[in-house]
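Line by line, the protein sequences are chains G and B.
Using the numbering used here, read the first sequence as starting at 1 and increasing by one per residue.
Using the numbering used here, read the second sequence as starting at 1001 and increasing by one per residue.
Bear in mind the hints are in silico, worked out from the structure with no lab data behind them.
Glycine included, C-beta positions come from ideal geometry on N, C-alpha and C.
There's no promise every hint is true.
Mimicking DSSO-like on lysine-lysine, the simulated pairs with C-alpha atoms at most 30 Å apart in a straight line are [claimed, not checked]:
hint: 1; chain 1: B; residue 1: Lys1116; chain 2: G; residue 2: Lys28
hint: 2; chain 1: B; residue 1: Lys1116; chain 2: B; residue 2: Lys1138
hint: 3; chain 1: G; residue 1: Lys28; chain 2: B; residue 2: Lys1050
Stretch-level coverage of chain B by chain G, calculated; a stretch enters the list once three of its residues show a Cβ under 8 Å from a Cβ in chain G [stated by the list, open to error]:
hint: 4; segment: 1137–1149
hint: 5; segment: 1226–1236
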Amino acid sequence: MSQLEIFVTTIGMALITLLCRAFFLVPKDDLPMPAWLREGLRYAPIAALSAVVAPELVLTQGALTTWHDARIFGALAGLAYYAWRQSLFGTIVCGTGVMLALRFGVGW
Amino acid sequence: MSLTTRVAGWRARAAATLRRPLVREGALEAVPMAFGVAAWGVVAGVAMAKSGMGVPLAVFMSLAVYAGSAQIASLPLIAAGAPVWVVWATTLCVSLRFMAFSYHYRPFFMHLPRGKRMALSFLMGDTNFALFMRRYDKPEPGQPYEEYFLGSSLITFGVWQASIITGIVAGAGIPASWGLGFAGTMALLALTCTQLRSPITWVAAVVAACAAVAAYALPLKLNILVAIAAAIAIGALADRLPAFPKGRA
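Looking at chain B on its own, in the form it has when it is part of the complex (with noise of 0.2 Å):
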């Protein structure tokens, strides 16, 4: 097959893709978060330019990582010239989030093969993972989750490139003053709220965030590590109380 016949191919599976009205509806329910997505992606971006690695590195580090918060939370070990697994280990720290994503994934995307599974894997972050989880309540056998997936979750990740490489360009002309940032967390507070089912996730939500704030001095961002376990704690404890009314987390 020539190139040419194979590159239309492509470009036909393509198209076809974006007309599946599930890949529509998840782009659709995605945009609203993009503002969000948008501001604290110019942050993020300006971050990566303030701490002096340079734009091409800038660039690939946000291309490659596909993690606002592993890349935030590393610039300031990279620019101190932190020895290389302290990076590391600050990254597992902030991405063990991904791991439960991953774990609740699982049943909608096991009907898929494993090159596939893990093509999506790349894809997956904070705002589609809680407008994926608002749209399905448990899985269901022959839907294509995937497809409405692949909408939310492409529309997030042009958003979040095109805006923190403008954030990375831009550099210091953005002012911190402008309270960008602030877009950002409160798009993640509204995700959040998404996912407040029951009365156990309401305590799960409370302990993390006390959690989180008590241990910010410590190292490698373990704070966020010890917020979940302790919401795992007290969630599995609260699960075995007859107070607390069953319902699906």
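Next up, chain G with everything else stripped away, as it sits in the complex (with noise of 0.2 Å):
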């Protein structure tokens, strides 16, 4: 793609993502919406991040990993952490420190 090209991209992409973002605050009245839809829709978010999330802990170059890949652990030990302590950034410094470990002192 030349830069004009990239430029253009660009435009339309930030339209497109404000426009999602927007999309329920811009309308005056509800939107009509069949009631398994509103009560599926309560889901939605928690389903977003968890499907972004796991992609992330479990597949190398789009195949499943083995079980000693030092992300799940470190996953884990995250998982752990926030069952525990209920605190966010100690979850995310236990599970990135158990995979750093375990990647350079194991060799995972």
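Two chains, two separate frames, one set of hints: put the complex together.
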């Protein structure tokens, strides 16, 4: 792509993301929606977060990883820390620390 | 009114806003997450530097789009010279979760004028959404929810832009083996945990995780869409089963 094409592409991307973000905040009246979708939408945010995280943890170049992968144990350590303390910062530090220790210490 | 008095007025208003207790509370609660945001921002910046689009365009993209996942997803497509509609379709699939966020923010922000609602929309992100929903259970009339949102999202915006620009400029000087990206993933994992409030949310999270992994090979990042759809379907079904205790998601 030329620089101009990338520029135009970027403008489009900015509009698309803004449209998604503002979608339910722009209209004055509630949008009509079937009850099941209204109920189901309550689970959309957690589904989206989990859908972004999971492939990052268990896939390498699109294939499932083996069990001795530092990322999996890092994630488990992070989850354990969150279950214990409910601290967001502690979860990040503990998970990343265990992952780095296994990667550089054990070589996984 | 002269320009100087106008600027002085804006500055006074901005300073007054920053002194509000809810703005401070939002900002303070966003600080622990800032480490994950910063690590992920540097990684995204390095990826943008390596895509070869050049520093000015990369900085422009991160300021205008302000969505890490959409930016990272678009890079290989732009580098490979994919058709523009493919890049836009991918952006749409990755950004659909923002639509769910805006659905949940609606009752909290509808007392504001439309222009303000649009301006707040631009600052929406994964981090401040999870923090906001952890802080507020359900909307009550007369509360200035936008102040907490503004405090937390401005911290996230500042940290994200500073770190992604650092990554863009430092470029290949930062090796991938530092595991910086993993800190960002851990931040998102911690945020996911904050949203696990009822048994059905656990089911929705596990179903979405499995669906996203299983459907990973789909083009246009459709796996995220498949995962959200599966979780909505399971959630709507489980709400009707007597076996699950009812609870707010």
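Verification of the hints:
1. Proposed proximity of Lys1116 of chain B and Lys28 of chain G is supported: the alpha carbons are some 13 Å apart, at most 30 Å.
2. A hinted pair counts as satisfied when its Cα atoms are at most 30 Å apart, and Lys1116 of chain B with Lys1138 of chain B qualifies at roughly 21 Å.
3. Of the supplied pair hints, the one linking Lys28 of chain G and Lys1050 of chain B is violated, its CA atoms being roughly 43 Å apart against a limit of 30 Å.
4. Counting residues of the segment 1137–1149 of chain B whose CB lies closer than 8 Å to any CB of chain G gives 0, which falls below the minimum of 3, so the coverage claim is violated.
5. A count of 9 residues in the segment 1226–1236 of chain B with a Cβ less than 8 Å from any Cβ of chain G is obtained; the coverage claim is therefore met, three being the minimum.
Violated hints for the displayed structure, listed by number in ascending order: 3, 4.
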